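Participant: Here the protein sequences come in this chain order: A and B.
Quick note on numbering: the first sequence equals residues 0 to 100 in numbering that gives the first Met the number 0.
Quick note on numbering: the second sequence equals residues 0 to 100 in numbering that gives the first Met the number 0.
In case anyone wonders, no lab produced these hints; they're calculated from the structure.
Each hint should be verified, as a subset may be incorrect.
Treat identical chains as interchangeable: a pair holds within one or across any two.
Claimed, not checked - Only pairs whose alpha carbons sit at most 27 Å apart, straight line, appear in this in silico DSS-like list of lysine-lysine:
hint, residue 1, residue 2
1, K8, K88
2, K43, K9
3, K88, K77
4, K72, K43
Quantities reported herein were computed from a predicted structural model and do not represent experimental measurements.
2 protein chains.
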Amino acid sequence: MVKLVALYKKPEDVEAFLKHYREVHTPLVKKTPGLERLEVSMIKADAFGGEPPYFMMAEMYYRDWETFNAAMKSEENKAAGKDLMSFAKGLVTLLVAEVEE
Amino acid sequence: MVKLVALYKKPEDVEAFLKHYREVHTPLVKKTPGLERLEVSMIKADAFGGEPPYFMMAEMYYRDWETFNAAMKSEENKAAGKDLMSFAKGLVTLLVAEVEE
Numbered sequence: 000m001v002k003l004v005a006l007y008k009k010p011e012d013v014e015a016f017l018k019h020y021r022e023v024h025t026p027l028v029k030k031t032p033g034l035e036r037l038e039v040s041m042i043k044a045d046a047f048g049g050e051p052p053y054f055m056m057a058e059m060y061y062r063d064w065e066t067f068n069a070a071m072k073s074e075e076n077k078a079a080g081k082d083l084m085s086f087a088k089g090l091v092t093l094l095v096a097e098v099e100e
Numbered sequence: 000m001v002k003l004v005a006l007y008k009k010p011e012d013v014e015a016f017l018k019h020y021r022e023v024h025t026p027l028v029k030k031t032p033g034l035e036r037l038e039v040s041m042i043k044a045d046a047f048g049g050e051p052p053y054f055m056m057a058e059m060y061y062r063d064w065e066t067f068n069a070a071m072k073s074e075e076n077k078a079a080g081k082d083l084m085s086f087a088k089g090l091v092t093l094l095v096a097e098v099e100e
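Work out the full structure, taking the sequences as your base and the hints as a guide.
Facilitator: The following block contains the structure:
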C-alpha cells in the first residue's frame with residue numbers, strides 16, 4: 000500500500016484548527032478517489048522527553064501506486080490540497096510512503 | 000489504540016542500517032508484550048518537493064494505554080530500546096500517539 004502521511008505542528012489556536020480539520024478538511028479528504036483508509040492520531044508525547052515536534056498525524060492509505068497517483072491528480076484532491084493550504088500552511092509536512100508488506 | 004511512532008532520518012550507510020533494522024531490531028520489537036501490529040514504511044518523497052526529512056517510519060500498535068504502558072516497562076522493550084540506541088542514536092524521533100477511532 001501507499002500512504003500520504005501528514006505531520007502537523009501544533010497550531011496557535013488548537014480548537015479552531017481541529018474544528019476545521021474535522022468539519023471541513025476530513026470530508027474533502029474522504030472524497031479522494033481510491034482512499035482506502037484515513038487514520039488520524041494525536042501525538043501525546045516525545046518518548047525522549049520535551050515537547051513533541053508534531054501535534055497530529057494523518058495517514059491516507061491507497062491500494063497501490065497507480066491508485067495513489069490517480070488520486071493525487073484528481074479534482075477532489077486538488078480541493079483537499081487547497082483547503083490544506085488555507086488552514087495548515089507552515090504547519091504541515093506531507094510525505095509519500097510505501098508500506099512494507 | 001496507542002502507537003509508538005519511530006521516524007528515522009536517512010543513515011549514512013543505508014544498507015547496513017536496513018540489515019540491522021530487519022535482522023536484529025525487528026525481532027526484538029516483535030517480542031514486546033502486547034504488540035498488536037508493526038507497520039514499517041519507506042518514505043519515498045516529500046509532497047512539497049525536496050529531500051524528505053525522514054527516510055523510514057515504523058509504527059508499533061498497542062490495544063490501549065494500559066497495554067502500552069506495561070509494554071514500555073517490560074524487559075523486552077528495554078532490550079529493543081538499547082538496540083535502538085546502538086544503531087539509530089541521532090537518527091530517530093520517537094513519538095507516542097493515540098489513534099482516533
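Participant: Could you run down the list of hints and mark each one as holding or not?
Facilitator: Here is how each hint holds up against the structure:
no., hint, in the structure
1, K8 / K88, "both (10 Å within a copy, 23 Å between copies)"
2, K43 / K9, "both (11 Å within a copy, 25 Å between copies)"
3, K88 / K77, "within (15 Å within a copy, 39 Å between copies)"
4, K72 / K43, "between (33 Å within a copy, 18 Å between copies)"
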